[in-house]
Structure formats: C-alpha cells, structure tokens
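> Chain by chain, the residues run as shown.
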Amino acid sequence: MEKALQIMVLDDEPIVGKRLKPALEKSGLEVEVFENPAQALRRLGEKEFDVVVTDVRMEDVNGIQVLERVKERSDRTKVIIITGYATIEMAREALVKGAFDFLAKPFKPNDLRAMVERAARSLEQPEPAS
Amino acid sequence: MRWLGRLIGRERSPALRLVRLRTTRFRQLLRRYGRFLDLETDAADKQAGDYVLDRGYVATLVETVFDLAEAVVFDLNVLTAGRHEAAHGVVESLRKEVRRLVVASRPEPGAAPLALETAAVPPDTLAAALERTRVLHRGSGEVACRGVAAGPVFRAEAAPEVVACPPGSVLVVDALPPEERLLEAARHAVAILVEGSRLASDAGRLVREFRLPTLVGLRDAAARLTPGTVVTVDADENVVYEGRVHELLEYYRLHRLGQGEEPEYVALRQVRRAMFPLSSGDCPARLEDCTAVRELVYLAQELAGEALIDQLGERRELWANACAGPSGTRVLDLGEGLSRDEADAEDVALRSRPLRALLRGLNLSDSTAAAPLPDSVLAVVTEEHATVLLRGLAGCELIDSFVGASRDSNYLYCQFAPGGDLTEPPRLRGRFAGEVLTGLDFAVTHTPGALSGWLGGLPQAETEERLEIVAHLASALHAVDATGWHGFSPAEQVPRFMAQYT
Numbered sequence: 000m001e002k003a004l005q006i007m008v009l010d011d012e013p014i015v016g017k018r019l020k021p022a023l024e025k026s027g028l029e030v031e032v033f034e035n036p037a038q039a040l041r042r043l044g045e046k047e048f049d050v051v052v053t054d055v056r057m058e059d060v061n062g063i064q065v066l067e068r069v070k071e072r073s074d075r076t077k078v079i080i081i082t083g084y085a086t087i088e089m090a091r092e093a094l095v096k097g098a099f100d101f102l103a104k105p106f107k108p109n110d111l112r113a114m115v116e117r118a119a120r121s122l123e124q125p126e127p128a129s
Numbered sequence: 000m001r002w003l004g005r006l007i008g009r010e011r012s013p014a015l016r017l018v019r020l021r022t023t024r025f026r027q028l029l030r031r032y033g034r035f036l037d038l039e040t041d042a043a044d045k046q047a048g049d050y051v052l053d054r055g056y057v058a059t060l061v062e063t064v065f066d067l068a069e070a071v072v073f074d075l076n077v078l079t080a081g082r083h084e085a086a087h088g089v090v091e092s093l094r095k096e097v098r099r100l101v102v103a104s105r106p107e108p109g110a111a112p113l114a115l116e117t118a119a120v121p122p123d124t125l126a127a128a129l130e131r132t133r134v135l136h137r138g139s140g141e142v143a144c145r146g147v148a149a150g151p152v153f154r155a156e157a158a159p160e161v162v163a164c165p166p167g168s169v170l171v172v173d174a175l176p177p178e179e180r181l182l183e184a185a186r187h188a189v190a191i192l193v194e195g196s197r198l199a200s201d202a203g204r205l206v207r208e209f210r211l212p213t214l215v216g217l218r219d220a221a222a223r224l225t226p227g228t229v230v231t232v233d234a235d236e237n238v239v240y241e242g243r244v245h246e247l248l249e250y251y252r253l254h255r256l257g258q259g260e261e262p263e264y265v266a267l268r269q270v271r272r273a274m275f276p277l278s279s280g281d282c283p284a285r286l287e288d289c290t291a292v293r294e295l296v297y298l299a300q301e302l303a304g305e306a307l308i309d310q311l312g313e314r315r316e317l318w319a320n321a322c323a324g325p326s327g328t329r330v331l332d333l334g335e336g337l338s339r340d341e342a343d344a345e346d347v348a349l350r351s352r353p354l355r356a357l358l359r360g361l362n363l364s365d366s367t368a369a370a371p372l373p374d375s376v377l378a379v380v381t382e383e384h385a386t387v388l389l390r391g392l393a394g395c396e397l398i399d400s401f402v403g404a405s406r407d408s409n410y411l412y413c414q415f416a417p418g419g420d421l422t423e424p425p426r427l428r429g430r431f432a433g434e435v436l437t438g439l440d441f442a443v444t445h446t447p448g449a450l451s452g453w454l455g456g457l458p459q460a461e462t463e464e465r466l467e468i469v470a471h472l473a474s475a476l477h478a479v480d481a482t483g484w485h486g487f488s489p490a491e492q493v494p495r496f497m498a499q500y501t
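Going down the list, the protein sequences come from chains F and S.
Residue numbering for the first sequence follows numbering that gives the first Met the number 0, beginning at 0 and increasing consecutively.
Residue numbering for the second sequence follows numbering that gives the first Met the number 0, beginning at 0 and increasing consecutively.
Derived by calculation from the structure, the hints in this document are not laboratory data.
Remember, predicted model here, so these are calculated numbers, not experimental data.
A virtual CB, placed ideally from N, CA and C, is assigned to each residue, including glycine.
Do not take every clue at face value.
To be verified - Which residues of chain F face chain S? A few of them, derived with a C-beta cut under 7 Å, are: (1) Ala3; (2) Ile14; (3) Val15; (4) Arg18; (5) Glu24; (6) Lys25; (7) Ser26; (8) Gly27; (9) Pro105; (10) Lys107.
As the list claims (entries may be wrong) - Below are the DMTMM-like pairs computed for lysine to aspartate or glutamate, each with C-alpha atoms no more than 25 Å apart in a straight line: (11) F:Lys2 with S:Glu249; (12) F:Lys107 with S:Glu249; (13) F:Lys2 with S:Glu246; (14) F:Lys96 with F:Asp110; (15) F:Lys46 with F:Glu58; (16) F:Lys107 with S:Glu39; (17) S:Lys45 with F:Asp100; (18) F:Lys107 with S:Glu194; (19) F:Lys46 with S:Asp123; (20) F:Lys107 with S:Asp44; (21) F:Lys107 with S:Asp37; (22) F:Lys2 with S:Glu130; (23) S:Lys45 with F:Asp110; (24) F:Lys107 with S:Glu246; (25) F:Lys107 with S:Glu141.
To be verified - What follows is a list of derived Cβ distance ranges for each label pair: (26) F:Glu116 with S:Ala43: 26 to 32 Å; (27) S:Asp123 with F:Arg91: 33 to 39 Å; (28) S:Glu130 with F:Arg117: 16 to 22 Å; (29) S:Thr437 with F:Asn35: 47 to 53 Å; (30) F:Leu40 with S:Asp123: 23 to 29 Å; (31) S:Pro494 with F:Leu122: 52 to 58 Å; (32) F:Arg75 with S:Ala222: 45 to 51 Å; (33) S:Arg359 with F:Arg91: 44 to 50 Å; (34) S:Pro159 with F:Asn35: 50 to 56 Å; (35) S:Arg285 with F:Arg117: 52 to 58 Å; (36) F:Leu40 with S:Thr437: 51 to 57 Å; (37) F:Glu67 with S:Arg98: 33 to 39 Å; (38) F:Arg91 with S:Asp41: 23 to 29 Å; (39) S:Arg285 with F:Ala119: 57 to 63 Å.
Work the whole structure out from these sequences, hints included.
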C-alpha cells in the first residue's frame, strides 16, 4: 500500500487546523496540526513532511521563517502559505523564497485540498536536470 | 429624432454645474451603498460555515463596513448642506460598540491550545470507505449548515407534509417550509436537502441554530433520493452518499464536537447581529435613532435620494429650457447624453444609454402598464449615466443608473414610494415593487419613506435589460395608482408581471 502523504498544518488560529484536518484526512492524507510555531519547528526537526501549510503571520515566528527552516531541512517539501488580508505582500515574498503557492483567507477547505493535490503531483515529477 | 425638440444650451451655467456636482456625488454615494450591501451578503455567506476564516477577516469586515457608513453619511451631508452632521457621531458610537465585540472575542492570554482528538477511524480507512461508496450528489448548490448525518429519505411534496417527517429522517423538500413548520421538522429530521436554490435568511438562521446539516440547490440530484433509502449527508463537503457510511459518521462523532462554536464564527455571528440585525425591517425615521449600522446606511441612502429629488424636481427654472422628449420627458444633458445634427440644430438624438433603455421600458404596454403621465419624467444625463425623476400620484420617484463598457462600474438603483396611506391598504405598492425587484435579483431595502432596489456588476446589455423592466415596473405602479390599490393582489400580479420577462 502506498504511503499516505504527510502534511503539517501550522496556524495560531485554532479554526484553521480544526477545519483543515478533517478535510485533508478525508482524502487519505496524514495530517499533524500545530498552533504553536515553536512546537512545529521542533517537529520539523524530527520528521520530513511532504507538504507544510503555514500561516504567514503568527506571534514569535512568522511563516517566512518556517519556510526557511523547512527548506534547510529538505528542499523537496512543498510549502503552502496561508495569509490574511493584510499580509499579501509577505506571501509574495514567500513565493520568491521558494513557497509552492499561497492562499488568502477566508478560503474554502476544498481550495486548499486542490492546492495540496497539485503539490503532491509536483512531488511525483522528477526534478528538471540542471 | 425630432421628438427631442429643443435642447437646453450646452453652456456650463452655475446651475448646471451644481446639478453635475450633485448627481456625481449621489452616484458616489450609491456605489458605496452597493459595496455596503455586497459586504452584508458576503458576511452572511461566510457565516454559513463553509469557510476557513480568522479574526482578521472579522476585524476587517467591521472596519470596512463602518468606513463605508462614514463615507455614505459624508456624501449625504454634502448633498444636504450638512443637515445630518450628527449622524457622524452615531456612526462612531456604533463602531465603538462593535469594536468592543471584536476585542472581547480574542482568546485569553495563555488559553489552552487546540486539542484535536485522535481519530478512531484512520484517514486511509476513511478515504477508502468514501472511495467505494456511491455518490448521489456532489458539489452543486450550497451548504446552508455544515455537519454530517445519516438516515432514511423522507420526501415532503408540500409544506404541510413536513410535520409528518419521522424521527431520524433526512428531509427532502422543494423549498424550506415556513418557520413554524420548519421548527416542527427540525425536531425530527437529522438533515435537510433542498431542491430549490433559494434559502430565506430566516430559514438559514434556523437550520444553523438547530445545527441541522443542510444543503440547498440539489436540483436534479434530488430525484435520485428515493423515499426510504438510507443516505449519508456530508454537509461539510456538499456530498450525499448512498447508504450509511459508518466510517464517516464515526470520524465526525469525534471531530464535530463543538462545531460552529469556533471563536472566529462566534465573533462573526456577534458582529453580524450588531451590524445587520434581522429586525431592521422597522427602520427608524431619524438617523440619530438608528441602533445598527445597517439601519443607518439604509436610511441615509433614502434621505439622499429624497434630497436629490427635492433639489432637482422642485427647481422649475432648471427645467424651463430642458429638451422635451416623448410623453413629457424633459432632459438635461451634462455631456454627450444628446447629440445634435450638424446640419439641423433641431434634430437631436438621444445618446444616453440608460435613458434610452428606460424610455423603452416606459413605453411598453400591457394590461397593467400605462404611459407615464405628461411632464412626469425629468432626466439628467450623460452618455453613460442617467438620474431620472418620475412624478406621479404617489409622489416623485427616482431611478439612477450607470451603463458603460465595464461591468464593475454598472449599476441600477431605484427608489419607490412604499404606499400605505389612508387611501391604500398597507404598503401593497411597496410589496408589489419589492417582490418584483427581488425576482430580478435586486438587493431590496425597506425604510419608512421608500422602497429601494440596488443591482450592480452586470454587463452593459443585462443592465439595460433590467433597466427596461424597472421602468416598466414604475409605469405599472403609476397605472395602479390611478385606478386604486384596493383589491390588488401582489400574489397574483407579481407572477403575471414577471411572466412577461421569462
């Protein structure tokens, strides 16, 4: 049996994890949810995720720092940035730094699911020869 | 087009400049009013629970709503030479109250983090179960209330049958029944599936209060729901499965605990109640008495329309040299609304797109419509914009429309007298107009002195088409004013009127 895709969801707003976990698990994905960025960063040191979904603006640690930490550990991991109204510029910066895509709140769980599916497809494709 | 006879001089007299300033200011007010209505609709859509949102959305909604209210009041004061300055204070006072709700919705510092239970059903087991289950409906329509439930289908063909819904059933209806029957059904049904696409706001509120998973707009899919067949409704995903999907139900037994009570949705519900209360049908007559921002903005647009009617309609000297059109129409051109033949100065063509559409509508004839009364139509126009006053037995009414190439700029606004004086049964006129406008997808608001309709964002051709229909509606209202409203039945006349356009 093929191993389920490993997803991390990080957002300090509880509703995000609460809504996204069931939506993604219904597609057969394994999902770990974090509200605390420090805990999430520790977990990133322990385990390689296929896709990391992170809010861009949180207290203490922001999504850009999470992106950088993920890319240090594994360039293969796809990072999806979720953002509120006021942080679109920061999300663009994240794209420049290697984020896979970004999604503005409010959004429907299906929107994110479609984005995760795209990320999964891109994981299956071989890296272009440099 | 010789019927356009004499044309007012194109010179920019002070009076004409003032007219331009006022109609432009009113247009600006209407655009802000339209944006306010859009936000109100958007917030109601988000409240249905289908979105992942955060407190940032709620805080931004509140600030944007009050910024618009402030701007609408500012425009009103420009139009009325500062007659409603005190309303600025009302906006600020209401803003402070709603801001307090947003602040109070923040979690206490050090609050326990989210504890998500470990699913009794592993994700791969759940996904496999869903994969092998037959789907009876997916995706089309809308979620009115999230949740998951299963039970046998009970189909109610008519509203009275709803009360016979057996306990534990999935109720399937053409449209949600009236409130009292819905309450009865809510005691027995575990989920509701609605074939039609319209959900009255009260019905939406009720199903959410009862936490009844509800999907609307199933259309043809409802035919596949045989009475007695067991189905599982997943109103999180807008899907109906055949049979009882035990894995999904077990999964949600854990994860649905506390659903709809997320602090973000509680905050949204509280600020919506404060800003857009359901009871705002009885809008106060003075801005100072408004207790919700919706009342205040609705009333401000009515007062602005009345001010414009006074300023344009009551100034005879303004219209003395206006161009004369058909059926007593008089036209003031503020630029490119009319064009004159180079060879014959008397031969004037009407270029204003909204006024042309409006005149087409006024000249329609049917059993209820009549030609407008002589001297009853006054229009201030440019090529893309028209502000039109219609004077009749009910008083002076207003239609204002912008019709250009960009759909984002296009809108159609109308303000009709609601009726309801001693010579007319209560507000039949307003009910008739309101139901027609609702059927045409207008946002309809009721205030003490007017019934108003707003529609924006349509392409040019569609805006012109609606404008024709609204002009025809105005004509029909004037015709009934002449014969009397006693015995008039909106229930019969609205479908008859609408049938001409379907």
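> Now look at each hint and say whether the structure bears it out.
Hints, one by one, checked against the model:
no.: 1; hint: Ala3; verdict: holds, 6 Å
no.: 2; hint: Ile14; verdict: holds, 4 Å
no.: 3; hint: Val15; verdict: holds, 6 Å
no.: 4; hint: Arg18; verdict: holds, 5 Å
no.: 5; hint: Glu24; verdict: holds, 4 Å
no.: 6; hint: Lys25; verdict: holds, 6 Å
no.: 7; hint: Ser26; verdict: holds, 6 Å
no.: 8; hint: Gly27; verdict: holds, 3 Å
no.: 9; hint: Pro105; verdict: holds, 4 Å
no.: 10; hint: Lys107; verdict: holds, 6 Å
no.: 11; hint: F:Lys2 with S:Glu249; verdict: holds, 23 Å
no.: 12; hint: F:Lys107 with S:Glu249; verdict: holds, 23 Å
no.: 13; hint: F:Lys2 with S:Glu246; verdict: holds, 20 Å
no.: 14; hint: F:Lys96 with F:Asp110; verdict: holds, 22 Å
no.: 15; hint: F:Lys46 with F:Glu58; verdict: holds, 23 Å
no.: 16; hint: F:Lys107 with S:Glu39; verdict: holds, 19 Å
no.: 17; hint: S:Lys45 with F:Asp100; verdict: holds, 23 Å
no.: 18; hint: F:Lys107 with S:Glu194; verdict: holds, 23 Å
no.: 19; hint: F:Lys46 with S:Asp123; verdict: holds, 20 Å
no.: 20; hint: F:Lys107 with S:Asp44; verdict: holds, 12 Å
no.: 21; hint: F:Lys107 with S:Asp37; verdict: holds, 19 Å
no.: 22; hint: F:Lys2 with S:Glu130; verdict: holds, 17 Å
no.: 23; hint: S:Lys45 with F:Asp110; verdict: holds, 15 Å
no.: 24; hint: F:Lys107 with S:Glu246; verdict: holds, 23 Å
no.: 25; hint: F:Lys107 with S:Glu141; verdict: holds, 12 Å
no.: 26; hint: F:Glu116 with S:Ala43: 26 to 32 Å; verdict: holds, 30 Å
no.: 27; hint: S:Asp123 with F:Arg91: 33 to 39 Å; verdict: holds, 36 Å
no.: 28; hint: S:Glu130 with F:Arg117: 16 to 22 Å; verdict: holds, 20 Å
no.: 29; hint: S:Thr437 with F:Asn35: 47 to 53 Å; verdict: holds, 48 Å
no.: 30; hint: F:Leu40 with S:Asp123: 23 to 29 Å; verdict: holds, 27 Å
no.: 31; hint: S:Pro494 with F:Leu122: 52 to 58 Å; verdict: holds, 57 Å
no.: 32; hint: F:Arg75 with S:Ala222: 45 to 51 Å; verdict: holds, 48 Å
no.: 33; hint: S:Arg359 with F:Arg91: 44 to 50 Å; verdict: holds, 48 Å
no.: 34; hint: S:Pro159 with F:Asn35: 50 to 56 Å; verdict: holds, 54 Å
no.: 35; hint: S:Arg285 with F:Arg117: 52 to 58 Å; verdict: holds, 55 Å
no.: 36; hint: F:Leu40 with S:Thr437: 51 to 57 Å; verdict: holds, 53 Å
no.: 37; hint: F:Glu67 with S:Arg98: 33 to 39 Å; verdict: holds, 36 Å
no.: 38; hint: F:Arg91 with S:Asp41: 23 to 29 Å; verdict: holds, 24 Å
no.: 39; hint: S:Arg285 with F:Ala119: 57 to 63 Å; verdict: holds, 60 Å
Hint compliance for this structure: no hint is broken.
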